[in-house]
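Quick note: the sequence shown uses our numbering, first residue 661, plus one each step.
The reader is advised that the hints may include incorrect statements.
[As the list claims (entries may be wrong)] No farther apart than 30 Å at their CA atoms in a straight line, the calculated lysine-lysine pairs in the DSS-like style are these:
1) Lys777 with Lys742
2) Lys821 with Lys742
3) Lys742 with Lys782
4) Lys821 with Lys690
[Claimed, not checked] DEER-style ranges, computed between Cβ atoms:
5) Asn809 with Val665: 49 to 59 Å
6) Gln768 with Pro692: 15 to 25 Å
7) Glu662 with Leu804: 48 to 58 Å
Note that these hints are calculated values from the structure, not bench results.
We put the CB at the ideal spot given by N, CA and C, even for glycine.
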Amino acid sequence: LETQVVTAATGKETRTSESATNVTQAQISKLPTPSRNFLDLAQLAPGVTVTEDRVNGQFRTVSAGGQAPSSVNLFVDGTSFKNDLTQGGIVGQDASRGNPFPRNAVDQYRVIAQNFKAEYQKATSAVITATTKSGGNVWSGNALVGYQNASMVALDSFQRKD
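Work the whole structure out from these sequences, hints included.
Structure follows, in structure tokens:
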């Protein structure tokens, strides 16, 4: 008897018209970001940009498709984190100066840049859906320690004294 191996290319997604990028737990834990905010990894999706204010490092904006940051909405475990009162758009960016969840608490998330369903309200450019880790009976945790020697960091144009 002769063995035959059959291979085929991955099929196209035909169940939904959404243009989405899934960010896995492995990517969340291993990819470096300028902050511990998991929203920084949204820029893995095509057309999504995460911009940090060079003057005030606390301000961060997430935008997609060339639209304003207020056109993005974030859902964590199905709950909308849209901030209608400040100009930031969603919690975790711009004037809200918050981090919706610690990066280690997010299991996975998905960035939907086009053709999202009507169930995702208050968004016109992108929707970010995050799922937090579920609990269990095993205690676990991790710690992050960061150190950056000031003599190893170059000054940018805003920090130079002429």
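> Which numbered conditions among the earlier hints are violated in the structure presented, ordered from lowest to highest?
Replying inline: 2 and 4
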